[in-house]
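**Q** Given next are the chains, with one letter for each unit.
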Amino acid sequence: MSSNTASPALIASNGDSLREAFGKSLSSLADEFPKLVVLDADIAGGTGVHHFRKSHPERFVQFGIAEQNMMAAAGGMAAVGLMPVVTTFAVFCLRAIEQARLSLCYARRNAKIVASHPGLDVGPDGGSAQALEDLAAFRAIPGMTVISPADAIEMAQATRAILEFDGPVYMRTGRSPSVRLFGADHKFEIGKGQILRDGHDLTIIACGAEVARALDAADALKEDGISARVVNMPTIKPIDMDLIARCARETGAIVTAEDHNIHGGLGGAVAESLAATVPCPVEFVGVKDVFGASGEPEELAYAFEIAAPFIVAAARKVLKRKK
Amino acid sequence: MNIQVKPTPANDTGTAQKIEQQLAEAARFVRMHSIASIYHAGSGHPGGAMSSADLLACLYGAEMNVWPRGIDDPMRDRFVLSKGHAAPALYAVGAYYGFCSPKESLKLRKLNSPFQGHPHVLDLPWVETSTGSLGQGFSVAIGMALGLKIQNNPARVYTMLGDGELQEGEVWEAAMSGAHHKLDTLTAVIDYNKLQSDNTNDAIMRLEPLGDKWRAFGWDVQEIDGHDIAAILAAFRHAGTTSLPSVIIAHTVKGKGVPYMENIPAWHGSVKFTRLQAEEALAALNASADEIKEFLDV
Ligand SMILES: Cc1ncc(C[n+]2csc(CCOP(=O)(O)OP(=O)(O)O)c2C)c(N)n1
Ligand SMILES: [Mg+2]
Numbered sequence: 001m002s003s004n005t006a007s008p009a010l011i012a013s014n015g016d017s018l019r020e021a022f023g024k025s026l027s028s029l030a031d032e033f034p035k036l037v038v039l040d041a042d043i044a045g046g047t048g049v050h051h052f053r054k055s056h057p058e059r060f061v062q063f064g065i066a067e068q069n070m071m072a073a074a075g076g077m078a079a080v081g082l083m084p085v086v087t088t089f090a091v092f093c094l095r096a097i098e099q100a101r102l103s104l105c106y107a108r109r110n111a112k113i114v115a116s117h118p119g120l121d122v123g124p125d126g127g128s129a130q131a132l133e134d135l136a137a138f139r140a141i142p143g144m145t146v147i148s149p150a151d152a153i154e155m156a157q158a159t160r161a162i163l164e165f166d167g168p169v170y171m172r173t174g175r176s177p178s179v180r181l182f183g184a185d186h187k188f189e190i191g192k193g194q195i196l197r198d199g200h201d202l203t204i205i206a207c208g209a210e211v212a213r214a215l216d217a218a219d220a221l222k223e224d225g226i227s228a229r230v231v232n233m234p235t236i237k238p239i240d241m242d243l244i245a246r247c248a249r250e251t252g253a254i255v256t257a258e259d260h261n262i263h264g265g266l267g268g269a270v271a272e273s274l275a276a277t278v279p280c281p282v283e284f285v286g287v288k289d290v291f292g293a294s295g296e297p298e299e300l301a302y303a304f305e306i307a308a309p310f311i312v313a314a315a316r317k318v319l320k321r322k323k
Numbered sequence: 001m002n003i004q005v006k007p008t009p010a011n012d013t014g015t016a017q018k019i020e021q022q023l024a025e026a027a028r029f030v031r032m033h034s035i036a037s038i039y040h041a042g043s044g045h046p047g048g049a050m051s052s053a054d055l056l057a058c059l060y061g062a063e064m065n066v067w068p069r070g071i072d073d074p075m076r077d078r079f080v081l082s083k084g085h086a087a088p089a090l091y092a093v094g095a096y097y098g099f100c101s102p103k104e105s106l107k108l109r110k111l112n113s114p115f116q117g118h119p120h121v122l123d124l125p126w127v128e129t130s131t132g133s134l135g136q137g138f139s140v141a142i143g144m145a146l147g148l149k150i151q152n153n154p155a156r157v158y159t160m161l162g163d164g165e166l167q168e169g170e171v172w173e174a175a176m177s178g179a180h181h182k183l184d185t186l187t188a189v190i191d192y193n194k195l196q197s198d199n200t201n202d203a204i205m206r207l208e209p210l211g212d213k214w215r216a217f218g219w220d221v222q223e224i225d226g227h228d229i230a231a232i233l234a235a236f237r238h239a240g241t242t243s244l245p246s247v248i249i250a251h252t253v254k255g256k257g258v259p260y261m262e263n264i265p266a267w268h269g270s271v272k273f274t275r276l277q278a279e280e281a282l283a284a285l286n287a288s289a290d291e292i293k294e295f296l297d298v
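Respectively, the protein sequence lines represent chains B and P. To convert, note that position 247 of the first sequence is 247 in this note's numbering; the numbers rise steadily by one, no gaps. To convert, note that position 88 of the second sequence is 88 in this note's numbering; the numbers rise steadily by one, no gaps.
None of these hints come from the bench; they were simulated from the model. We treat Cβ as the ideally placed atom computed from N, Cα and C, and that holds for glycine. Careful: at least some of the hints might be erroneous.
Derived list of chain P stretches under chain B, where covered just means 3 residues or more per stretch with a C-beta under 8 Å from a C-beta of chain B [unchecked claim]: (1) 124 to 136; (2) 171 to 185.
Dumping the calculated SDA-like pairs for lysine to any residue here, alpha-carbon to alpha-carbon at most 25 Å [stated by the list, open to error]: (3) B/LYS35 - P/HIS181; (4) P/LYS149 - B/ARG108; (5) P/LYS182 - B/HIS56; (6) P/LYS149 - B/ILE43; (7) P/LYS149 - B/LYS317; (8) P/LYS107 - P/SER270; (9) B/LYS54 - P/HIS180; (10) B/LYS35 - P/ASP73; (11) P/LYS182 - B/ILE43; (12) P/LYS149 - B/SER55; (13) P/LYS272 - P/SER197; (14) P/LYS149 - B/ALA30; (15) B/LYS35 - P/GLY70.
Computed list of chain P residues with no C-beta within reach of chain B, every gap over 12 Å [said to hold, decoys possible]: (16) ALA24; (17) ALA41; (18) GLY70; (19) ASN112; (20) PRO114; (21) VAL121; (22) MET144; (23) GLU168; (24) LYS194; (25) ILE204; (26) LEU210; (27) ALA234; (28) HIS238; (29) PRO259; (30) VAL298.
Whenever a hint applies, use it, and build me the whole structure from the sequences.
**A** As structure tokens, then:
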């Protein structure tokens, strides 16, 4: 038997996924950021940082399957001058959120948490593995910046941006192949959203995997003569309040779309922002306060009603509420 | 309040006996100051402050290479109080050796005071990190030792844990990682006072055989009397020579030095001293009438 037939086919990070873009970006940025160290809890192949392990083994630190210790130890490493990037799945970040709160945010450490496998995008591993609460939970910690890029180009730019930024950050990557949305001319900036397509009847504000679906929804609406603006909102905290207020003023209705519980994530952040600036009708596309399940991400997007047709339906609904 | 200049290797010419006397006096101050600050605060955790006083005095007064003026020095030794609820004792030892004001640090747990109920590094940089959630400080110390090692910095890292704190799973994650990453510059001290919040360790969740657990996790283990200054200093000396991460299991008495408090679980925390109790405690610590006034009438 050849060694080839004896080894299993590994479904590791590869292709055009956000985790892959993140892992490769980290490796290519390592020489520019000499204090950067990457922390792993036995899932480097899944988070994309196997690239970094290969390129910079001396700056790759293995913590074993012990996320709480890894998270707080990152605080200690930052305290002595390193810039640790903690990597694990989004759902296991929740396990160590109290460590992130006290030892990273309360102590204001320059440490980053980068979480792969967010939301329904996890797919077949099922409900136990699909973090639909992370944006809400990490957003509630004072001093935490929360980011969810939409494609591989934006991921690469966001990776550089969080390393240049001084302070704790929680960033989502993604497991599944992602749709290419941006060219090299894209400009990611922490705290800023961008209008990807202009429109005047309503605005769809999305992050992560939902941005591509929002664009599909806008196409479908256009066929019915509805002009939908699409905003990519990669920074959930601090949210771009100016842009949100402008969209409310100019289009008068908002739909938010995220691969996350409808409570407390992007939709919550947008609604809070609108309540304080230019109140207008809002519809929320997201997972409706239930847990996920096994299936392929596209199947799940339909089953849990976050696919493009559901954004279209939310748009029609919000237009009816618009005065 | 008599504040000491911490002996440096240059001016430290005393005999071993004299050094031990000085450290015992520092520990007495830590106990008195802790009683006083908790009295003024109207709440706090006295029992575990009393049990840790001798260990803290030896760390700050002798073992660690850290001085108030060198608190930004990257080469300084670091201490993390993982059992953060013993903050009054940390503030007291800091006050004794010039890291903070002895008078200001009596304003414990008050609005706008940097001396919060648990240490906060943004308020007081010399406390090194923020603690209070048991288990985390030990991991932070692991990260510090690992981070210093990665940067070829020979500074040592010390941390103190409570015995009840050892029930946190994170402690054993951290213990495993300390041995795996060969953190020979790390010394963990366990304030083994046999009591935790509600009751004895034995009643809440048994820890023994404790030394065997740490040995099995790959640590160099010493068991000492945590109130014997000579034994504490000797244990630190040995810890500096082993190639393993080091744990010092220091057998202590919760409430040590205040007879009515010793070994009584109720004196762990959430206590409010009456004036009489505070005076009696200070008297038991051989405070003079003047000292009692100085500590309690501010
Ligand atoms: C994670 C966590 N759980 C619970 C508490 C509440 N708490 C504060 S002190 C304490 C008992 C600690 O006992 P021990 O570690 O033995 O400390 P000591 O006896 O030295 O005071 C508890 C349960 C806490 N601070 N952190
Ligand atoms: Mg105890």
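**Q** All hints, please: hold or fail.
**A** Hints versus structure:
{"no.": "1", "hint": "124 to 136", "result": "holds (count 8)"}
{"no.": "2", "hint": "171 to 185", "result": "holds (count 6)"}
{"no.": "3", "hint": "B/LYS35 - P/HIS181", "result": "holds (19 Å)"}
{"no.": "4", "hint": "P/LYS149 - B/ARG108", "result": "holds (22 Å)"}
{"no.": "5", "hint": "P/LYS182 - B/HIS56", "result": "holds (20 Å)"}
{"no.": "6", "hint": "P/LYS149 - B/ILE43", "result": "holds (24 Å)"}
{"no.": "7", "hint": "P/LYS149 - B/LYS317", "result": "violated (59 Å)"}
{"no.": "8", "hint": "P/LYS107 - P/SER270", "result": "holds (17 Å)"}
{"no.": "9", "hint": "B/LYS54 - P/HIS180", "result": "holds (20 Å)"}
{"no.": "10", "hint": "B/LYS35 - P/ASP73", "result": "holds (18 Å)"}
{"no.": "11", "hint": "P/LYS182 - B/ILE43", "result": "holds (22 Å)"}
{"no.": "12", "hint": "P/LYS149 - B/SER55", "result": "holds (20 Å)"}
{"no.": "13", "hint": "P/LYS272 - P/SER197", "result": "holds (15 Å)"}
{"no.": "14", "hint": "P/LYS149 - B/ALA30", "result": "holds (19 Å)"}
{"no.": "15", "hint": "B/LYS35 - P/GLY70", "result": "holds (23 Å)"}
{"no.": "16", "hint": "ALA24", "result": "holds (32 Å)"}
{"no.": "17", "hint": "ALA41", "result": "holds (21 Å)"}
{"no.": "18", "hint": "GLY70", "result": "holds (15 Å)"}
{"no.": "19", "hint": "ASN112", "result": "holds (18 Å)"}
{"no.": "20", "hint": "PRO114", "result": "holds (14 Å)"}
{"no.": "21", "hint": "VAL121", "result": "violated (5 Å)"}
{"no.": "22", "hint": "MET144", "result": "violated (4 Å)"}
{"no.": "23", "hint": "GLU168", "result": "violated (9 Å)"}
{"no.": "24", "hint": "LYS194", "result": "holds (26 Å)"}
{"no.": "25", "hint": "ILE204", "result": "holds (21 Å)"}
{"no.": "26", "hint": "LEU210", "result": "holds (20 Å)"}
{"no.": "27", "hint": "ALA234", "result": "holds (28 Å)"}
{"no.": "28", "hint": "HIS238", "result": "holds (24 Å)"}
{"no.": "29", "hint": "PRO259", "result": "holds (36 Å)"}
{"no.": "30", "hint": "VAL298", "result": "holds (29 Å)"}
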